[in-house]
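As you go down the protein sequences, you meet chains A and B in turn.
Position one of the first sequence corresponds to residue 1 (the working numbering), numbered consecutively onward.
Position one of the second sequence corresponds to residue 148 (the working numbering), numbered consecutively onward.
These are computed hints drawn from the structure, not numbers from a lab.
Among the hints, a few may not be true.
[Stated by the list, open to error] To give a feel for the contact side, a few chain B residues facing chain A, derived at Cβ under 10 Å:
1. Thr242
2. Leu339
3. Val488
4. Ile572
5. Glu574
6. Ala576
7. Glu578
8. Leu624
9. Ser666
10. Lys667
11. Leu668
12. His670
13. Phe674
14. Thr678
15. Gly683
16. Leu687
For glycine and all other residues, C-beta sits at the position ideal for the given N, C-alpha and C.
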Amino acid sequence: MTDYVTFTTAGQLFGLRIEDVQDVFRMANITRVPLAGPEIAGVLNLRGRIVTVINLANLLHLETPKHSGAEMIIGVERNSESFGILVDRAGEVLSLSDADREPTPLNLDRTLDGAATGVFRLDDKILVALDADRTLNLQTFRSSAVQ
Amino acid sequence: MDELLREFLTETAESLDHVDAQLVRFEREPNNGQVLSSIFRLIHTIKGTCGFLGLSRLEALTHAAETLLGKFRDGDAVTGEAVSLILAAIDRIKTIIDGLEKLQREPPGDDADLITRLTRAADRRRSRKSRSGGTAAAERRSQQIAAEPGDPAVIRNLPEFGEGAARIASQSIRVSIDTLDQLMTIVSELVLTRNQLLEVLRRQDDSEFNIPLQRLSTVTTQVQHEVMKTRMQPIGNAWQKLPRIVRDLSAELGKDIGLEMDGAETELDRQVLELVKDPLTHLVRNCADHGIESPAERSAAGKPPRGTIRLSASRQGGHVVIEIADDGRGLDAARITAKAVEAGLATESEIATKSQTDINNLIFAPGFSTASEVTSISGRGVGMDVVRSNIEQIGGSVDVNSDLGCGTSFVIKIPLTLAIVPALIIEVAGERFAFPRLSVLELVRIGSDHRIERIKSAPVLRLRQKLLPLIDVKDALRLGTNNAAGAFVVVVQTGNQLFGAIVDNLFHTEEIVIKPMSSKLRHIGIFSGMTILGDGSVTLVIDPNVLAQSLARARSRTKVPTDTAEEKPIGRQDAVSFLTFRAGSERPKAVPLSIISRIEEVDYRKIEVTDGQYIMQYRGELIPLFGFDRQPRIKKEAAQPVLVFSEQGRSIGLLVDEILDIAEEPFDVKIAGEGPGALGYALIDGVTTEIIDVGFYLKRSGSLGRAA
């Protein structure tokens, strides 16, 4: 059994293993980063730590309806750096059996496939389990950077 | 770990590094008794402590090394072989010490091979000495009597070598690095909290908190400075291992290379020192490997067979400048070009338009290496670009200069400290950014006194007698259209380039703690780091060097309105702004923008002729006008562009036909001028341009009397 922190973005339910999650907090006072790609939402100050916030929908090329106010941030620590994954809503912690995890469908978008460890079929929806490292490692756009 | 053992490990590690450097020096100065006695002292101390701690392997090794060293003290010939043997012993000792640290006891092993060779080398000498007439007794006597000329220090110091050391030791104490780092972190917190309090105070008019808070602020700054001083270390620490490395490389490569070090006492922040150690070592290896030629090659070229690598360090403003120079073969543009084309970094035609400096800089491109085969030393092709990116990551820069056949020199510029710096808070397009205060010369408010003017499409500011090229920060950050309607100009100096940054608003100056950019954002070169301001907001810190490079880029973007990759090579720090114009011939001419006082559009009727000399009215004076033709043709229609230059109260004007543009190029006059009035020709924007010698015209004006 593994505990997953679940969250929703662009209408899709995702989960991260609870060991990989540092905190979950509400988005506020974010500083935008000029010249960064669309997947970078910005940087913010969380109790003295600078957190780089990544917009999950943009990172995975998901379509978001215009009015969706992405509000919650899942905090993840990696290589002593603080990152935040910006999502629409945070859900509850679910305990799921590893046996129930199925491989990602063949027709899954390649980017998403790169970050996912599998899917769970829940009662009324499908949960995509993400790997924290691979999600953060996803090749980010290098557009319009002034080198 | 046992406290005694821990201390032994720390001290011995230090001593061993010292011995390395001393041995290399001793090899070159075999008559230097002081160096020898210092080496002997160090080995002897290590041996003594090993015996005390029961470290038998180490004791045996140091004893054998000490015996051989003793032979040198007796006056025996110092051979490279013997020194190598002792160095090998030192290396073995280091390995054992490493094992000791990990296992808390000596690693099992056998040093019989090394000890035998050491003993045999010592014995050989002893037998040679007895053959030459000495007896065992005479030997012992010579060890006790100060018989050797110039070596009295050796004998006297040996039995009591503890004393001198104690006197120096009492002026300093050992503090663990962790303690200092912790102290620095706490002081940074203190600075941030002080900033927060000042921020609150700023919003209130009068408060009884004012005076005590100002006092607190002063004291905090003092603590900050004192703690930062504890972090300062002499750069010689990073150079310690280099003499040994160069010696070993010389042997390996079959070359004769000497290392000179100057300015080893120059201090910089410990953190910066750590980060710069590896790049420095790599550059030195590069000089030894690729720069210095073999002795045969050097003699054939008329150079002394021994090549020299020279390290020098000095403080310049808020930076430490380190130069690594060699007197080797220099950079060969042809070979670099060939390698760059082969590695797919650029096409031949692109390189043809590059200046010498730009071609030299290709050696820093990723994937580049002129080693014909990858050597284990430095030809991996991943070296130089990592050197540059490591140095740029700490806010520094590295440039290369070279003279074919004479040598190459690398110049590294790094900030004194990474920790806390004063920053100017600016606002652009509603967003706030931090700008390092050290690079800011002055602040100018745009208004009736100072207006942003345009030359073609490039914005400039007339500031006193200079024309300053401007960069719109909003544009550099792609935060809005380039309308240059900003309200303030921040005058910035980076390297050779003086320019102005247009911003919308200026706030206060704040001492900030710069944190490195997040790994996902590091590729955005224009920001050197991030910080949390007193009001808690995360603010990005702009790198003025990279902003300066935007000057060239903005120019090329307005000329070629497509989104294709930038064709202009990245301007380096030695780039200077030139104004190009046409006058008297089709070939364009240019002068450095910074020496132009004004660009006037003069009504032809205001130009008069007196005694064959054109003059015009300028600010209440009559100044001479020079043209580039035999007979300067004054346009009878429209306005005549005139470049005005002023120096020491004198002004002159140069008549031009048409102003072309502003370009950033290194000041690299390639071909000397044919006649007076021109410095020569240079490549500006890929076009051969004549660089005008304004001084010539200013001198000519001096010989003319003031027109009535």
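Outcome of the hint check:
no., hint, result
1, Thr242, "31 Å, violated"
2, Leu339, "8 Å, holds"
3, Val488, "22 Å, violated"
4, Ile572, "13 Å, violated"
5, Glu574, "13 Å, violated"
6, Ala576, "9 Å, holds"
7, Glu578, "7 Å, holds"
8, Leu624, "4 Å, holds"
9, Ser666, "6 Å, holds"
10, Lys667, "6 Å, holds"
11, Leu668, "6 Å, holds"
12, His670, "5 Å, holds"
13, Phe674, "8 Å, holds"
14, Thr678, "8 Å, holds"
15, Gly683, "6 Å, holds"
16, Leu687, "7 Å, holds"
Checked against the numbered hints listed earlier, the structure breaks hints 1, 3, 4, 5; every other hint is satisfied.
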